[in-house]
Amino acid sequence: MGLQHLTSLQKDAIKEVSNIGAAHAATALHQLLGEKVSMTVPKVSVVPLSDICEVLGQPEEPMIGVYLRVFGDAPSKILYLFPREEALFLAGLLLTEEDRQENGDILGELEVSALKEIGNILTGAYVYAFSDFTGLNMLSSVPALTYDMVGAILNTILVDLGASSDYALLIETKLLACEVKITGHFFLMPDPGSLAKILDALGVKD
Amino acid sequence: MTGGIRVGMSEIAVSRAPDVLIAIGLGSCVGVCFYDPLLKCGGMAHVMLPDSTQILGAGAEITKPGKFADTALPELLRKVTELGALPSRLEVKIAGGAQMFNFNGDNGRMQIGPRNVETIEQLLAAMNLKLAGKNTGGNCGRSVRFDLATGMLTVKMINSPDIII
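Going line by line, the protein sequences match chains Y and U.
FYI, the numbering for the first sequence is 0 to 205, going by numbering that gives the first Met the number 0.
FYI, the numbering for the second sequence is 0 to 164, going by numbering that gives the first Met the number 0.
If you're looking for bench data, these hints aren't it; they were derived computationally from the structure.
We put the CB at the ideal spot given by N, CA and C, even for glycine.
Take these hints with a grain of salt, some might be off.
[Claimed, not checked] Calculated cross-link-like contacts (lysine-lysine; reagent style DSS-like; alpha-carbon spacing at most 30 angstroms):
#1 Y:K76 x U:K155
#2 U:K129 x U:K78
#3 Y:K196 x U:K78
#4 U:K63 x Y:K10
#5 Y:K42 x U:K63
#6 Y:K14 x Y:K204
#7 Y:K115 x U:K155
#8 U:K155 x Y:K173
#9 U:K63 x Y:K204
#10 Y:K76 x U:K78
[Unchecked claim] Stretch-level coverage of chain Y by chain U, calculated; a stretch enters the list once three of its residues show a Cβ under 8 angstroms from a Cβ in chain U:
#11 54-64
#12 140-148
Chain U on its own, in the form it takes in the complex (with noise of 0.2 angstroms):
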């Protein structure tokens, strides 16, 4: 997965087709991607934890919008729509949020992974966005690329074939 740009750990970058948007080693982070069919724009945060008001207290500055669900989905909403995008014509797909590693005796306590994405399908749905396609949760790490010429979300895993979302 080369020659596109890469959206790293609490990123977020917006771009219109042909670029490739490019998340390498998502563990339990989730790839969060909105995209504007008709424009062929949208937009990908590489999103590491659920709630900043949790985490951090609710009014605390966020130096990087894009590290907490809660931040970062409006952010990213807030690019693209500077491109042009209309919220009421944006596909999301969502990538990632694995557990990857289980220790004895660690069940109990939702871990991180599993709890982004649940954070991010309850923002969506209060921010009236329809969730087109999705591929998270079990165990292994994923590296994703959005093509924004077709708005396909191609998912890479290893010990099995890719799937596109």
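Chain Y extracted, bound-state conformation (with noise of 0.2 angstroms):
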């Protein structure tokens, strides 16, 4: 499956099926933080390796990343970066003060710990509604976080995906919370061979 062939009606469909998890992970979102949480309608693109460190259009800004891995029928990765400013007030809406302990350039380890937890709802949510939906078979795993520029963290992260493909498949999509105070990137990124078992699970394959 050649992603840079993808027609635009699996472009929909994908679209389509992204919307739907988006939707149930800001409705998880609002429950965890009790503010109004929305996300943007999600862009589907497909971008050669070689220019996926410019997706954001700064890729020496530094983001906090938090990066799950997607198991299962259709094999995926989640990524979710943040303005460290912003990362810092969305965890602190999950700690007392006491709790909290970011210090200059250094995270806490109850901030790492709150982040990666909303990292792991918003995708429990997501990968449900997209299992759902699709009738695959998908699981998360564990949280990890980085705070780094957001080029390495993009080329580390899809940097295997160079051992079968030229090309990366992004479906982003924009959080926004607590009156756009936060304004995190959401990227769903399949693995070159799930491509083919989502368009299938959509009834798009062809």
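Build the complex from these two chains, which are given one at a time in their own frames, with help from the hints.
Here you go:
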């Protein structure tokens, strides 16, 4: 399945199922934070690996990335990117004042833990809805977190795609919360073999 | 870091002074730089993965030689010698190969970053090329800027001052 040859019908189908996943994720985050949360309509793009670090425009901008892998019928990767201040604000909503340990360049253990948990909850809701809609069995890993240049985060996560492809499929949703004080980026990146399975499950294989 | 020739993931670029070759956002990838100080020319490969034969099987068709260490290094060497560089004069510098994410319980298997560095160092030794400097490993992403006027490789990371090798 060549990524470059995705039809617009196929892209729309992927968009639709991602939208359902994103809506569930937004609801889950809303319940967790008690704040208004919305997610934008997903953008489906096929990006050459050589241009991956530019997808957010500012490849050297440091951001917090929470990364999870999805196992099962359609192995994929999930990545959340937040600007540092916004991530800390988000984490702060789950922590008490005494819990907060962020200090200059170092993220406190509890902040890291809170952000990973947010990644977990969003992913759980997203994957559940995606799996329910497609009938594909999917299960997410524990989250990992890093604070680094956006370009390096994206490169590292997608590096193994290079074994079988020169392109990556990115399904991107923006996550807006707390009166847009928080604007996170959410990426779902199906592994090369998974796309055909997802398209098949959605009935748009050909 | 603007105003240079950008070398994206899996790409190879060669040029001469006063050009500057730049790779932004090296995570587990490694920037491999070859430099001929006499002719002030050189090149950079932005290597993603260690070994094409392990991953694709021997003799597989390679669309982007810059992607794998074992195909990128000979191709980079070929391209710099086309510019007149002499292999015996080449100074080699490498940067990158970080391990940015740690999953709980994922420690046993060596990850791509360190494997890239190890493979590249073995290949350089086998090709009889001398490693003049490196900044590899750790868990930080890097941007590198390779100045073909001086052969200096500037490594930029967040939370630390620039390192020149």
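Each hint tested on the structure:
| no. | hint | verdict |
| --- | --- | --- |
| 1 | Y:K76 x U:K155 | 27 angstroms, holds |
| 2 | U:K129 x U:K78 | 18 angstroms, holds |
| 3 | Y:K196 x U:K78 | 41 angstroms, violated |
| 4 | U:K63 x Y:K10 | 27 angstroms, holds |
| 5 | Y:K42 x U:K63 | 27 angstroms, holds |
| 6 | Y:K14 x Y:K204 | 15 angstroms, holds |
| 7 | Y:K115 x U:K155 | 27 angstroms, holds |
| 8 | U:K155 x Y:K173 | 29 angstroms, holds |
| 9 | U:K63 x Y:K204 | 28 angstroms, holds |
| 10 | Y:K76 x U:K78 | 36 angstroms, violated |
| 11 | 54-64 | holds (count 3) |
| 12 | 140-148 | holds (count 8) |
The structure fails hints 3, 10 (numbered hints given earlier, in ascending order).
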